[in-house]
Amino acid sequence: MAEEKPTRFWNLTAWTITDFKLAPAGTEKFGPNQCQNDKDAAVDADERLKITGVPTGQYDARIVFRNGRVCRAKNLSIVEGQIFDIGDKDLVDCSK
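Numbered according to this note's numbering, the sequence shown spans residues 1339 to 1434.
I should point out that these hints are in silico values taken from the structure, not numbers from a laboratory. Be careful, since some hints might not be right.
[Stated by the list, open to error] Straight-line distance between alpha carbons at most 27 Å, and here's what the computed BS3-like set of lysine-lysine pairs gives:
(1) K1367 <-> K1343
(2) K1359 <-> K1377
(3) K1388 <-> K1367
(4) K1367 <-> K1427
(5) K1388 <-> K1343
(6) K1434 <-> K1343
(7) K1377 <-> K1367
(8) K1427 <-> K1359
(9) K1388 <-> K1377
(10) K1412 <-> K1388
(11) K1412 <-> K1427
(12) K1359 <-> K1388
(13) K1343 <-> K1359
(14) K1367 <-> K1434
(15) K1412 <-> K1434
(16) K1388 <-> K1427
(17) K1343 <-> K1377
(18) K1367 <-> K1412
(19) K1412 <-> K1359
Everything numeric in this text was worked out from a predicted model, so none of it was measured.
Take the sequences, apply the hints, and build the full model.
What follows is the structure in structure tokens.
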């Protein structure tokens, strides 16, 4: 079943994301920019993004917003074929 439905990220932050990378939790081994899976290479607030090449597991995200702000979201539970979300409350270690 999981192969039929793509894993998707739901942007519940207030800002547009232009760079979204995932790494196994607790590592800095970030994969490719998942925003490249979107037609305009950005994920607007309340938009969903198809995630590719990420098996079920715990992940940390590195997020760059259109305004240049960079944040992390840690220890995300991602399940293949399911939707996971990140909201403003999940953002940590932010810098501009």
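A quick look at each hint next to the structure:
For the hint linking K1367 to K1343, the alpha-carbon distance of about 25 Å falls within 27 Å, and the restraint holds. Of the pairs offered as hints, the one joining K1359 and K1377 holds, with about 17 Å between alpha carbons and a cut-off of 27 Å not exceeded. For the given pair, K1388 sits about 20 Å from K1367 by alpha-carbon distance, which is consistent with the 27 Å threshold. For the suggested pair K1367 and K1427, the alpha carbons sit about 24 Å apart, so the restraint of at most 27 Å is met.
Note on K1388 and K1343: the hinted pairing holds, with a Cα-Cα distance of about 10 Å set against a maximum of 27 Å. Between K1434 and K1343, the direct Cα distance comes to roughly 35 Å. Violation of the 27 Å bound is thereby established for this hinted pair. Annotation: proposed proximity of K1377 to K1367 holds, straight-line Cα distance about 25 Å (limit 27 Å). Restraint check: the Cα-Cα separation between K1427 and K1359 comes to about 18 Å, which is no more than 27 Å; the hinted pair holds.
Between K1388 and K1377 the CA atoms are separated by roughly 11 Å; this keeps the pair inside 27 Å, and the hint holds. Distance hint between K1412 and K1388 is fulfilled; the C-alpha atoms sit about 19 Å from each other, no more than 27 Å. A distance of roughly 11 Å separates the Cα atoms of K1412 and K1427; the hinted pair therefore holds under the 27 Å criterion. With a C-alpha separation of about 13 Å, the suggested pairing of K1359 with K1388 holds against the 27 Å cut-off.
As the CA atoms of K1343 and K1359 are separated by approximately 20 Å, the hinted pair is consistent with the 27 Å bound. A hinted pair counts as satisfied when its Cα atoms are at most 27 Å apart, and K1367 with K1434 qualifies at roughly 22 Å. In summary, the hint linking K1412 to K1434 is supported, as the alpha carbons are separated by about 18 Å, within the 27 Å threshold. Restraint check for K1388 and K1427: the C-alpha separation of about 22 Å stays at or below 27 Å, so the hint holds.
Our distance criterion of 27 Å between C-alpha atoms is met by K1343 and K1377, whose separation comes to about 19 Å. Our distance criterion of 27 Å between C-alpha atoms is met by K1367 and K1412, whose separation comes to about 13 Å. Between the alpha carbons of K1412 and K1359 the distance comes to roughly 12 Å, so the proposed pair stays at or under 27 Å and holds.
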